[in-house]
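Asks: Here the protein sequences come in this chain order: A, B, C and D. Going by numbering that gives the first Met the number 0, the residue at position 208 of the first sequence is 207; the numbering climbs one at a time, nothing skipped. Going by numbering that gives the first Met the number 0, the residue at position 172 of the second sequence is 171; the numbering climbs one at a time, nothing skipped. Going by numbering that gives the first Met the number 0, the residue at position 42 of the third sequence is 41; the numbering climbs one at a time, nothing skipped. Going by numbering that gives the first Met the number 0, the residue at position 52 of the fourth sequence is 51; the numbering climbs one at a time, nothing skipped.
Hints listed in this document are in silico derivations from the structure and should not be mistaken for laboratory results. Don't take every hint at face value.
Same chains, same names: a pair is fine if it fits in one copy or spans any two.
Computed cross-link-like contacts, DSSO-like style, restricted to lysine-lysine with a CA-CA straight-line distance of at most 27 Å [as the list claims (entries may be wrong)]:
1. Lys51 to Lys270
2. Lys8 to Lys51
3. Lys129 to Lys178
4. Lys350 to Lys186
5. Lys8 to Lys270
6. Lys160 to Lys8
7. Lys129 to Lys270
8. Lys237 to Lys178
9. Lys178 to Lys160
10. Lys129 to Lys237
11. Lys350 to Lys270
12. Lys8 to Lys350
13. Lys270 to Lys178
14. Lys51 to Lys237
4 protein chains.
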Amino acid sequence: MTDLTDRRKLRMGMVGGGQGAFIGEVHRIAAAMDGWIELVCGAFSSSADRSKASGRSLLLPDDRVYGSYQEMIESESRLPEGERMDFISIVTPNNMHFGPAMMALEHGFHVVLEKPMAFNLEEARQLQQKVTETGCSLLLTHTYVGYPMVKEARHLVREGKLGAIRKIYVEYPQGWLSKLSEVTGNKQAAWRTDPQQSGQSGCMGDIGTHALHLAEYISGLRATRLCASLQTFVAGRKLDDDGSVLLQFDNGTSGVLMASQVAAGEENALKIRIYGENGGIEWNQQEPNTLLVKWLEQPTQVYRASAAYLSEEARAFCRTPAGHPEGYLEAFANLYRGLALSLQPWRNEGKAGPYDFPGVEDGVRGMAFLDCLLKSNESNDKWTDFTV
Amino acid sequence: MTDLTDRRKLRMGMVGGGQGAFIGEVHRIAAAMDGWIELVCGAFSSSADRSKASGRSLLLPDDRVYGSYQEMIESESRLPEGERMDFISIVTPNNMHFGPAMMALEHGFHVVLEKPMAFNLEEARQLQQKVTETGCSLLLTHTYVGYPMVKEARHLVREGKLGAIRKIYVEYPQGWLSKLSEVTGNKQAAWRTDPQQSGQSGCMGDIGTHALHLAEYISGLRATRLCASLQTFVAGRKLDDDGSVLLQFDNGTSGVLMASQVAAGEENALKIRIYGENGGIEWNQQEPNTLLVKWLEQPTQVYRASAAYLSEEARAFCRTPAGHPEGYLEAFANLYRGLALSLQPWRNEGKAGPYDFPGVEDGVRGMAFLDCLLKSNESNDKWTDFTV
Amino acid sequence: MTDLTDRRKLRMGMVGGGQGAFIGEVHRIAAAMDGWIELVCGAFSSSADRSKASGRSLLLPDDRVYGSYQEMIESESRLPEGERMDFISIVTPNNMHFGPAMMALEHGFHVVLEKPMAFNLEEARQLQQKVTETGCSLLLTHTYVGYPMVKEARHLVREGKLGAIRKIYVEYPQGWLSKLSEVTGNKQAAWRTDPQQSGQSGCMGDIGTHALHLAEYISGLRATRLCASLQTFVAGRKLDDDGSVLLQFDNGTSGVLMASQVAAGEENALKIRIYGENGGIEWNQQEPNTLLVKWLEQPTQVYRASAAYLSEEARAFCRTPAGHPEGYLEAFANLYRGLALSLQPWRNEGKAGPYDFPGVEDGVRGMAFLDCLLKSNESNDKWTDFTV
Amino acid sequence: MTDLTDRRKLRMGMVGGGQGAFIGEVHRIAAAMDGWIELVCGAFSSSADRSKASGRSLLLPDDRVYGSYQEMIESESRLPEGERMDFISIVTPNNMHFGPAMMALEHGFHVVLEKPMAFNLEEARQLQQKVTETGCSLLLTHTYVGYPMVKEARHLVREGKLGAIRKIYVEYPQGWLSKLSEVTGNKQAAWRTDPQQSGQSGCMGDIGTHALHLAEYISGLRATRLCASLQTFVAGRKLDDDGSVLLQFDNGTSGVLMASQVAAGEENALKIRIYGENGGIEWNQQEPNTLLVKWLEQPTQVYRASAAYLSEEARAFCRTPAGHPEGYLEAFANLYRGLALSLQPWRNEGKAGPYDFPGVEDGVRGMAFLDCLLKSNESNDKWTDFTV
């Protein structure tokens, strides 16, 4: 693993992620894991009291815990350079991404954003423009591309081992929204199925965007047209909770993307298979340290994380020896590590370095994908062009 | 297992399936397994010499080995009742299904046919009419519904354990046609990719029909409209070698059917998942003695063939104790066993008994499915109605 | 698959295996599968009436169904050569192996025997001598070595792919005797736990012998000393229902053999792992079409039945294309196929051909293993020499 | 997750774990993960220069990086209470455990130690006495008991779900020492196979102790006698690299423990199976988020980490929602979390709280186990009593 050569921890502020939230804690663990980032401040809740309480449980001093992101950004801006936060992690519902992200960028803070990047495509484009203007970094947490075996899969495709790619199957079945949990006190369900907070798509915004991103990341291809069928199975629900999409890619590859939050009994079963002329790869997020590599007339090979035979780019993202499983938090930490490494030259030369983590272009593409899905879903035409 | 109470073996004749053919041998093993059926005659090849040679290797007397199906049907018809064949198994390419099947039915012989049932829908409808007229039985070898765990899956759906069905994923990736093997001496590849022998569809006719049949069999639902995208990936190939289909079923269930013969590195990976309000099932043909039963808020259960907790209808199709794996040949034999049992009353009362094996209606439906797939594939409309 | 060139079916008689028995049916299916063997007579039960009833359900003529093995052997001996049985399959409890086997050999009939071969070592040695005297064949149904992937494993070891073998783990957990089922009407449990019928060992005789045989078959090594610890966990049981054995082999390889019939929740989970200097193999009987081949510094490979890359000797025992699973009955049928092939020269030249199936030497070795286990179990010495 | 109510991070010092070491980095990540512990100082190498270099890469100030553990303990002791380290993590080879641990305890610092706890049993007993005298905490990193599904397994046994336990199989095959890597520059191999650094046992000290600990932890039983067979397969190696052990436990349970570092092709395949009267559990460290729960006459259940149906004690150790895999680092972090929670009352009331992590008693037991293994290995008696 490359070192932080300037020996300065990166300082993180957080918006959202107070007590009871799931993803805020994930961000904090992921950021802390390598010892390069420390949480220095937060606006954890729109209630100042709840924000303070969260801050205390996170061992923060009271004066670095704020009642709103505006207060946080303004106050931190006034702190001296060696003390104020370097970047802001925004872990609020989708309708609350744009405001803090835009304000942070305007004040020169780098940004970490959950996907989908914004509430709608227009917001995403504005963020993209602001990132370009400011030169700040924006990390979009498409977590799954942080896994070492995803890097290895991409490597195998790039190296041409599979031959020309023909077929991509990516699926993401979950079952946790099989009931109308949004009305029975499940906070995660409540905002994710609420068009006012989540945006125009439910299931596809939440997990379908991950699936497309993963497929394009590994294959290096870009979807160019699609045919979508979205469903809302649970009576009373306001957004899609399931969908299937036929895809065509820029080299003639054909694909299928399936995502569901009503696949009762499934947890988080993101899985991708990509087939080329000579073989294929299969990766399942729930057993992430294994990559199956299939060959046309030879035995399937079981590639394993941390093995010496992996490519350099995969091994660079492993922390433990083979057989000591790493998981979701480590994949997440790999994104933060990328941010930390890319910001070293920023601190020293005023310019972020090259990096391998999802950014603002991925975010805009994801939002455009959602627009295209909805357009296709309502269309009687088989194919809808997907352009950004 | 129910017995053959009249203690008479059923006599089988075969059309096709000479030396080097794959599926003829499978039929012979499946028919022989329970000791209720014996091969008594055959027209194994269009070459009389090759037919004789095959007959000898099968230990048949020379006078029951014929040079054509016409000769066989006519000759056998003239034999006394206690000697002549009872039914005919036709294991020729698709373009050679209709002739021997129709002639056999006209002579009062029952018929076993490989799927797809005929070369086109019109032939299938004529066979359907002839079956109705004659009262003869027709077994269509959709083998996969012969597996005990498929019976158990159907049982769980029927009993309502999963609640109302919402989602069906059925996939059938194979990789054996990843190259243009039809021009390099692979006989199986040659006829299956030849429109003159296989019909209007390649991959979908060969395996897509299995996938739809399995989905409808387990779920008890019927597909009502679909959106198909078929591909031919291998340059020089004359028929589709891959396809994906969005499906809608008669109760609002949504489905996806994927079939491919260019998924390099896959063998015969038929797999089905069906999700309802309360849970789901998952079955993989390559590990057929296991059925995963998933529950919304309880641990997944691993149902296993031959276990005492299975339903009667599943256990009736198991031959070995739990942990002694059964496979494809036993599933195939279960179809033949059904035929033998249904033909006992025929012999004794002149009327075939009720049975649980795929028949002529499934065959017509399969041919109509292919027509609908091709229509959809060429259409710019998203949805094409599927009616029979 | 090699053909039966003399075009004559082999005629089988059966001792035991009447209605309700498990293993008799397995033998009949296995023998019938390839169309080379037909059941022509039987003494299915010590009750003449029950024997007749079984014979009828098996579609046998009444005059070939006998009330005792003595009657059968004598009567069949008097039939003309083209009609009488060629061999006898003995599927009775262990205490009933020796009598019919010895009498059959004395009358010039070949013999198929279930393992363990006899009630005690002395009986086994007498059978061995009689086989030598008569030149008849004796097939001992150590079924598991009939699996193609077991052949492949042996091939890999023989070819030296793994380097010198160091370690063998073979385990055989079952759970079906977790309760005192022998007193509650379970016929299988009753005789297998009865010293009068089963012999001096329960679990080890029933399945421990399979485990040792498999280990020696694949590795080509012979165990030379052992340290056994046998247990009887279920109160009231008269024989061992569990045991663990440390093993040493003739080349310095170290091994562990575990067998249990009280591993509650297990079915028939025979599994073997063998490690050499360069890699290892792992095979699990419950998923028999897969052989994991592990390498020291390369990815594990998943070898699959029927694949073109397998050795000739493995492919010779496959009946279906890759991905069409074969199972226990096919493995069993492979033993019978071996018998049929080896008896062709017998019929034609009066001398059985070379074969690859377990025989009388394996049977004697198995009985000696049981003696050694019991001696070790009662000894305070760590190691007991294992010699035959 | 319980909070740190006094809002004070715990301060960690480290001995060993400089650049290139594996386990030091693991300790640092595990300690940092929950944000409750910060690394404040270290003596990372016996070379002062290398220690400094390591400290810098870890972003430590130079004045908290020491050239020896003695210097560190003395210097830190002189720092004011709010600044000096609270505890010391010792990640050196086994022969370097006792010195820093004893000195740290004598100066009132808590201790985290890698297993085996010491170089020999005598050292372990002295540490035990010192812990008793001082009231300090000692965490011994038997990492595998930090996994949530191990907690669940223990819970199921404790609740009596499996009935009385009968059989324990625990196995720990690794392959990384299949060659004589200790002479070709592999630092890990070098010290672990060196009797001067590792102690009297290689494989058993390194991983056999983990296996026994896990078995006893889940089952709640204690081994009382054993029969060991240790091997050294690699020519030129000075310590055992493989071993198998028959075990008997205090309630009559029988067990087998297998550990190997020459199982070529294996990574870190620790696996445990425990069977009782009613069912069994199976857990595999390489897929740690799954626990198979087997039942005598019901389907096996697949318990999964973070599921709502798990016991409180298992869920308390999960950080992510179901389907977001956690791994080795999180299990490790669970041990550190236990330490942090137990030390809160120490800071506030001068007395460590109750805890669920392995400690000094486990360490002494592990060392006694190694003594007993070696005694048994050299003995001709079958059984050797295991007492501590």
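Asks: Indicate, hint by hint, whether the structure satisfies it.
Replies: Evaluation of the provided hints:
no., hint, result
1, Lys51 to Lys270, "neither (40 Å within a copy, 45 Å between copies)"
2, Lys8 to Lys51, "both (24 Å within a copy, 18 Å between copies)"
3, Lys129 to Lys178, "neither (40 Å within a copy, 49 Å between copies)"
4, Lys350 to Lys186, "neither (39 Å within a copy, 39 Å between copies)"
5, Lys8 to Lys270, "neither (35 Å within a copy, 39 Å between copies)"
6, Lys160 to Lys8, "neither (40 Å within a copy, 49 Å between copies)"
7, Lys129 to Lys270, "neither (34 Å within a copy, 47 Å between copies)"
8, Lys237 to Lys178, "within (13 Å within a copy, 47 Å between copies)"
9, Lys178 to Lys160, "between (44 Å within a copy, 16 Å between copies)"
10, Lys129 to Lys237, "neither (32 Å within a copy, 52 Å between copies)"
11, Lys350 to Lys270, "neither (36 Å within a copy, 49 Å between copies)"
12, Lys8 to Lys350, "within (17 Å within a copy, 34 Å between copies)"
13, Lys270 to Lys178, "both (24 Å within a copy, 26 Å between copies)"
14, Lys51 to Lys237, "neither (34 Å within a copy, 59 Å between copies)"
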